[in-house]
Amino acid sequence: MALLTARTVSPAASVSGRTSLSSLQRRDRWVGVAFVAPQLVGWAAFVAVPLVMVVWYSLHDWQVLTNSFTFSGMDNYRRMFRDPSMHDALVASGIFSLGLVVLNVTLALFLALMLNQRLPGSTVFRAIFFSPVVASLAAWSIVWGFLLQNHGGINGFLELVGIDGPNWLRGGATAMLSVIVVQVLKGVGLNMILFLAALQVVPEELREAARLDGAGAWRVFRSITIPLISPTILMVSILTVIGSLEVFAQIAILTAGGPGNDTTVLVYYLYQQAFIYHDFGYGSAVSVLMFVVVLVLTLLQWQARRKWVLDET
Amino acid sequence: MARRSLRIWGLALAAALTTSSLAACGGGSSASGQPEKPDSPVTLRMTTWTSDETQIKTFESIADGYIKEHPDLVKDVKFETVSGDDYMVGLTTQIAGGNVPDLAWILESNGPEFVKSGALTNLTPYLEKAKGYDLDDLLPNALDLWRDGDAIYAYPFSNSPFGVFVNTDLIKAAGQPNPADLVAKGQWTWDKARDISAAVAKTSGNNGLVIRDFDYTNWENLAEVWDSWGAAPWSDDGTTCTMDSPQMVEAMTWIHDAIFKDGAIPGPGTDVDFFGGKTAMTVTQVSRASGLDGSFHWDLVPLPSGPEGHVNVIGQAGIGVLAQGAHPDIAANFLAYFTDAASAKKLAGFFPPPRQSLIKASTLKKSNPLLSEKQLQEVVVDGVKDAVTKPSHPNFAQIKETTRIALDDLWKPDADVKSVLGNVCDQIAPLLKD
Numbered sequence: 001m002a003l004l005t006a007r008t009v010s011p012a013a014s015v016s017g018r019t020s021l022s023s024l025q026r027r028d029r030w031v032g033v034a035f036v037a038p039q040l041v042g043w044a045a046f047v048a049v050p051l052v053m054v055v056w057y058s059l060h061d062w063q064v065l066t067n068s069f070t071f072s073g074m075d076n077y078r079r080m081f082r083d084p085s086m087h088d089a090l091v092a093s094g095i096f097s098l099g100l101v102v103l104n105v106t107l108a109l110f111l112a113l114m115l116n117q118r119l120p121g122s123t124v125f126r127a128i129f130f131s132p133v134v135a136s137l138a139a140w141s142i143v144w145g146f147l148l149q150n151h152g153g154i155n156g157f158l159e160l161v162g163i164d165g166p167n168w169l170r171g172g173a174t175a176m177l178s179v180i181v182v183q184v185l186k187g188v189g190l191n192m193i194l195f196l197a198a199l200q201v202v203p204e205e206l207r208e209a210a211r212l213d214g215a216g217a218w219r220v221f222r223s224i225t226i227p228l229i230s231p232t233i234l235m236v237s238i239l240t241v242i243g244s245l246e247v248f249a250q251i252a253i254l255t256a257g258g259p260g261n262d263t264t265v266l267v268y269y270l271y272q273q274a275f276i277y278h279d280f281g282y283g284s285a286v287s288v289l290m291f292v293v294v295l296v297l298t299l300l301q302w303q304a305r306r307k308w309v310l311d312e313t
Numbered sequence: 314m315a316r317r318s319l320r321i322w323g324l325a326l327a328a329a330l331t332t333s334s335l336a337a338c339g340g341g342s343s344a345s346g347q348p349e350k351p352d353s354p355v356t357l358r359m360t361t362w363t364s365d366e367t368q369i370k371t372f373e374s375i376a377d378g379y380i381k382e383h384p385d386l387v388k389d390v391k392f393e394t395v396s397g398d399d400y401m402v403g404l405t406t407q408i409a410g411g412n413v414p415d416l417a418w419i420l421e422s423n424g425p426e427f428v429k430s431g432a433l434t435n436l437t438p439y440l441e442k443a444k445g446y447d448l449d450d451l452l453p454n455a456l457d458l459w460r461d462g463d464a465i466y467a468y469p470f471s472n473s474p475f476g477v478f479v480n481t482d483l484i485k486a487a488g489q490p491n492p493a494d495l496v497a498k499g500q501w502t503w504d505k506a507r508d509i510s511a512a513v514a515k516t517s518g519n520n521g522l523v524i525r526d527f528d529y530t531n532w533e534n535l536a537e538v539w540d541s542w543g544a545a546p547w548s549d550d551g552t553t554c555t556m557d558s559p560q561m562v563e564a565m566t567w568i569h570d571a572i573f574k575d576g577a578i579p580g581p582g583t584d585v586d587f588f589g590g591k592t593a594m595t596v597t598q599v600s601r602a603s604g605l606d607g608s609f610h611w612d613l614v615p616l617p618s619g620p621e622g623h624v625n626v627i628g629q630a631g632i633g634v635l636a637q638g639a640h641p642d643i644a645a646n647f648l649a650y651f652t653d654a655a656s657a658k659k660l661a662g663f664f665p666p667p668r669q670s671l672i673k674a675s676t677l678k679k680s681n682p683l684l685s686e687k688q689l690q691e692v693v694v695d696g697v698k699d700a701v702t703k704p705s706h707p708n709f710a711q712i713k714e715t716t717r718i719a720l721d722d723l724w725k726p727d728a729d730v731k732s733v734l735g736n737v738c739d740q741i742a743p744l745l746k747d
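Residue numbers (the numbering used here), protein chains in the order written: chain A, 1 to 313; chain B, 314 to 747.
Chain A on its own, in the form it takes in the complex (with noise of 0.2 Å):
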């Protein structure tokens, strides 16, 4: 009885204590929005208002020089489809995303593949392919420009081994190619670590048992493996296909968009209408189709996962 009466709370108490964890959740309220407030506001001053303001941007015929802004409605975006230029830039992104998403995602799954076996040796690789991802993107641009050059490393090994290496920069595959490669060996490290790390924590006793059924290597690798690391291959596709519309530095150090517009990706594309042909609201305009194109792909990739992503239908 007097445990029943010590534990028994009056109305007016638990009235009280609704109040009291009330106002805490309210102090704890705060406490999350100030532990969260600096990135908001980081948020907000470089992505969100520039945002806002590259789309006011992209409403007008800004001419920098002439110090002129004026309104120009959808002017911007009925001559971005009018303009052959655009057309070539977006043909060019295509042929860029395409190239690099499946050189990157199949060479990092198979480098990851390679480096679970637990090979001697398997460190030195791992760091030998992840030491790119770390490294400065213009050092490594420039680096490459130099391999690639007609009279290059690349060319000069070739030679040895009796063929006669194109040149590589200026001919429009082949500048294509390189820059696709260039970029492919400068990111594969990443992914491939995150592929490790999915690989890692597939049970093996569930490859074991499938062995027992009978299953072969491939039949375990299709119906186990992907499946179970498919959640990472859904990251990997997403952070690589938005990266693969966001190429700049390569083009410029490696091509200049070049030769003929061969390689003028949107970004670089952008670049020059803002940055040196001075009209900033047609380059504004551009940098709105940039992002909507990567906002829709970025959608359809996550729509999709239902299909095929593990735990996600």
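It is possible that some hints are incorrect.
As the list claims (entries may be wrong) - The following label-pair restraints were derived from C-beta to C-beta distances:
1. GLN303/A to ASP729/B: 47 to 53 Å
2. LYS381/B to ALA48/A: 47 to 53 Å
3. PHE291/A to GLY431/B: 31 to 37 Å
4. ALA486/B to SER68/A: 57 to 63 Å
What the hints assert, rightly or not - To give an idea of the chain A side of the interface with chain B (calculated C-beta under 10 Å), a few residues:
5. GLY260
6. ILE276
7. TYR277
The hints are simulated quantities; they were obtained by calculation from the structure and are not laboratory data.
Model, not experiment: these values are computed from the prediction.
Here a beta-carbon is modelled for each residue, glycine too, at the ideal position from N, C-alpha and C.
For chain A, the structure is supplied; the task is to place chain B on it using the hints.
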């Protein structure tokens, strides 16, 4: 709540726009050529392409002299380097961002764009008012790019002629005639330069003739060659394309053959530096002599002659006052001091001046110890006379890129020169009229 958020976003946008607009609106320039005294002395800012510490120190010493004379106008002048190929990008980004410098170093190819756009302040009243400025001392054609009617919009402080640096060790080893001897005999032609270069490339495996900074991208540097054929990319008034003229076709055919038939000019996709010692000769400006380190014997000779004889070519750089800057009248007054006869003498140590009184081999020798008076006389003093300036146009940025894209078809062994140049004209004709 939604309305309130919208209002806040609207305010943020308006605030940002107002800030940028206010920043973009500077003070006006004075037609009297005399700046109004500010409430307190101001700080001026000038963007410069050079990062050379000695040159910057010279700029600062001239600025110190001005501050001493005008302590009520200016308390400090800051020289900010935006170096490299992206100089103009850096400058226009500063302007777009509302961080407009008071003065700027402007490259000749962008000169007409800045002059015609109204981005620069008219300097004429300030230069005319400046004590002992002596505008008549300026070379007759020096201001062509930088004026519109009577209004002068920038001072061309650097008038650097193009010459040919030759590696006499490589030329001698290949058993070829010394270019200086050919100059003396009046036989220094582009054909001779090509033959010597091809022989060096063939016998030693080194590089032949390099048009510096061309790199199969900056095609305007080929003017150093085609000017001797009497060719030009467009008409004098800048409205008609002449890239497909018979003179240009002939000049470009010569260049194409020198690359792909004779092997005299290193082909596309090859990075070559004369100053490394593995190149027979390079066409460049005199100021590049600082790259020579004494590891090989060299000489400096004038540009060779072509079918139309010898043509002097110069590259220019100007300094202008940005109309959108915060203190255009004070900046213009400072620029008049920075480029007057006394200051021009100091600047002449690094940049061949546009003043006739200072273009003397003996004066230039003091600041160019690597070059002999003979070299300076032949290449610099004689080189600025009746010189043609590298191509420029009010719409140069777009024309340059469009031409670069179209010309890429020329840099292939089997290119049809006439048809490629015809295509260049098709592409740039509308831009010339813009």
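Status of each hint after checking the structure:
1. GLN303/A to ASP729/B: 47 to 53 Å: holds (50 Å)
2. LYS381/B to ALA48/A: 47 to 53 Å: Between LYS381/B and ALA48/A, where Cβ atoms are some 49 Å apart, the hint holds.
3. PHE291/A to GLY431/B: 31 to 37 Å: Holds: the Cβ-Cβ distance is about 33 Å, inside 31 to 37 Å.
4. ALA486/B to SER68/A: 57 to 63 Å: holds (59 Å)
5. GLY260: Result: holds, 5 Å to nearest chain B Cβ.
6. ILE276: With a closest approach of 5 Å, the ILE276/A hint holds.
7. TYR277: TYR277/A check passes; min Cβ-Cβ to chain B is 5 Å, inside 10 Å.
Violated hints for the displayed structure: none, as all numbered hints are satisfied.
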